[in-house]
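Build out the structure end to end from the sequences listed, making use of the hints.
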Amino acid sequence: MRIATLTLALCSLASLSTAACGSASYARTSSAYSPSRAAMASSGASSMDSESVAAMDAPSSTPASYAPRAQTPSRPTSSAAPARAAHGAQSAASAVRPSASEGSGASVQQAPANVLLIYNAQLVAQVDHVPAGIDQVIEAATSIGGFLASRTDSSVTVRVPVARFREALGRVEALSTVTSRNVQAEDVTEAFHDLEVRLTNLRSVQTRLQQFLARASSVTDALAVERELERVGQAIDEIEGRMRFLTNRAAFSTITVTLTARPQPNTVSAAPSAIPYAPIPDTALPFEVLEQLGLPRLLTTR
Amino acid sequence: MKRPALRTIFALALALAGAAPACTPFHLRTPDGFARIADPQPNYDYRALSAYGVVVAVRAIPNRERASMAFWSEAVDRRLQRGGTYRPAGQSDVRTERGQSGKSFRYTTGDPQSGGTYWVTVFVTNDWVYLVEAGGATTSFARAQTEVERAIRSFQGA
Chain A
0 MRIATLTLAL CSLASLSTAA CGSASYARTS SAYSPSRAAM ASSGASSMDS
50 ESVAAMDAPS STPASYAPRA QTPSRPTSSA APARAAHGAQ SAASAVRPSA
100 SEGSGASVQQ APANVLLIYN AQLVAQVDHV PAGIDQVIEA ATSIGGFLAS
150 RTDSSVTVRV PVARFREALG RVEALSTVTS RNVQAEDVTE AFHDLEVRLT
200 NLRSVQTRLQ QFLARASSVT DALAVERELE RVGQAIDEIE GRMRFLTNRA
250 AFSTITVTLT ARPQPNTVSA APSAIPYAPI PDTALPFEVL EQLGLPRLLT
300 TR
Chain B
0 MKRPALRTIF ALALALAGAA PACTPFHLRT PDGFARIADP QPNYDYRALS
50 AYGVVVAVRA IPNRERASMA FWSEAVDRRL QRGGTYRPAG QSDVRTERGQ
100 SGKSFRYTTG DPQSGGTYWV TVFVTNDWVY LVEAGGATTS FARAQTEVER
150 AIRSFQGA
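Protein chains in written order, with numbering that gives the first Met the number 0: chain A, 0 to 301; chain B, 0 to 157.
Just so you know, the hints here were simulated from the structure itself, not pulled from any lab data. Please note that a few of the clues may not be correct.
As the list claims (entries may be wrong) - A few chain B residues that face chain A, going by a derived Cβ cut-off under 8 Å, partial list only: (1) PHE33; (2) ILE36; (3) ASN42; (4) ARG46; (5) LEU48; (6) ALA56; (7) ALA74; (8) LEU79; (9) VAL93.
To be verified - Distance ranges between label pairs, derived from CB positions: (10) A:ASP152 / B:ASN125: 51 to 61 Å; (11) B:SER67 / A:GLN125: 30 to 40 Å; (12) B:THR124 / A:ARG261: 53 to 63 Å.
Where is the CB? At the ideal position from N, CA and C, for every residue including glycine.
Set out below in structure tokens:
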């Protein structure tokens, strides 16, 4: 009888955890978004003004406006993971969002609070000396808290704190002649929120399973609950890993710079000539024997 | 009295004919293991080959221009390097057993496994330019190299 009751309870918990893992919309419908930052730039703006540039370079310690959302606020969310992830999201969200027309007008729009963006920039630039230029890009990134991600003979990828993304772009532009610029922002807010809700629900399931485990009166019951706890724990680990990944990607923007050598001005100005260049032919020495040298003739003995 | 004298002259002529290739004003000792070809074909004054395909040959060209060793050496080297078929593999001054000076150029062609080795050694006198050529497949030439070098050192031009 007791086993039957426990099995029934596990089944209901399993269905709950499955729903938490598989159906984000279920959780989202009951979540409460409460953006505290009211100052949002107009969504149609595509040009950067000085105010938004200043906002972009603001330190990441901008007052928190991102509150973790839970499906069931009454249930305790004892783990610090959601809070940590939310903090990362908030840090990332404190940046501003470059618009698609950044290249033409250097326009950037302030991102609203609670928005988690991953910035990627690809620049093509000319420098006098490519290897030295690559070193300078790396130095510019590390000087503002960034780091080298990868480099080749002609390109370099660095990652910089999102709060200093704009500054990093400016530094690269200062040390080279940028001929092509592509800045993209990937909005992962929804994905992050889904993960957050699933994590909250799974933690609730985990807590209830632990309570079942404490009350288990037989080894069989304990083993069944343990198996379920293990499965839920793995799902929690996966979600936390994914959230850490997104947070990290949002916290550090990626800048890839492809460098080419700047064309050198001609130091010798040749007088324009209509006569095309004709290579000077070798003077053929009038000695037939020279034309007869070589292995093929030497080795022809018949 | 008369007969011994004639016999001596005949024997001397025969010996001279054996020592130097027919009617050419130079001497080269045929490398061991090589066979001298009786008819060296036009443009060659001496030819010998090994059973494994390495050939040693001599050309004697009248030096009508009285050009120097430097001139002929550079002319030969530039001609061979023109077009990029022959890659230089070294050059050295040569001094023969009889004190004659020459300049040796070594080249390779093709890849090391299936390519060839080609040597040209230039000797210049007032009247003649001698080109001592040696070559063959690189793998075969390595076997004959010592004998070829010995033959070159035995060279004596007029």
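Here is how each hint holds up against the structure:
For PHE33 (chain B), the interface hint is violated, the least distance from its beta-carbon to any beta-carbon of chain A being 12 Å, above 8 Å. The closest approach between the C-beta of ILE36 (chain B) and any C-beta of chain A is roughly 6 Å, which is under the 8 Å cut-off, so the hint is satisfied. Nearest Cβ of chain A to the Cβ of ASN42 (chain B): about 6 Å, under the 8 Å cut. The hint holds. Given hint, ARG46 (chain B) at the interface with chain A, holds; its Cβ is 7 Å from that chain's nearest Cβ, closer than 8 Å.
For LEU48 (chain B), the interface hint holds, the least distance from its beta-carbon to any beta-carbon of chain A being 6 Å, beneath 8 Å. Restraint check, ALA56 (chain B) versus chain A: the minimum CB separation of about 6 Å is within 8 Å; hint holds. Taking 8 Å as the C-beta cut-off, the interface hint given for ALA74 (chain B) holds, the closest approach to chain A being about 5 Å. At its closest, the beta carbon of LEU79 (chain B) sits 6 Å from a beta carbon of chain A; the interface hint therefore holds under the 8 Å criterion.
The closest approach between the C-beta of VAL93 (chain B) and any C-beta of chain A is roughly 17 Å, which is over the 8 Å cut-off, so the hint fails. A C-beta distance of roughly 58 Å is found between ASP152 (chain A) and ASN125 (chain B), which places it inside the suggested range of 51 to 61 Å. At about 54 Å, the CB distance of SER67 (chain B) to GLN125 (chain A) disagrees with the hint of 30 to 40 Å. Checking the proposed 53 to 63 Å range against THR124 (chain B) and ARG261 (chain A) shows it holds: the Cβ atoms sit about 60 Å from each other.
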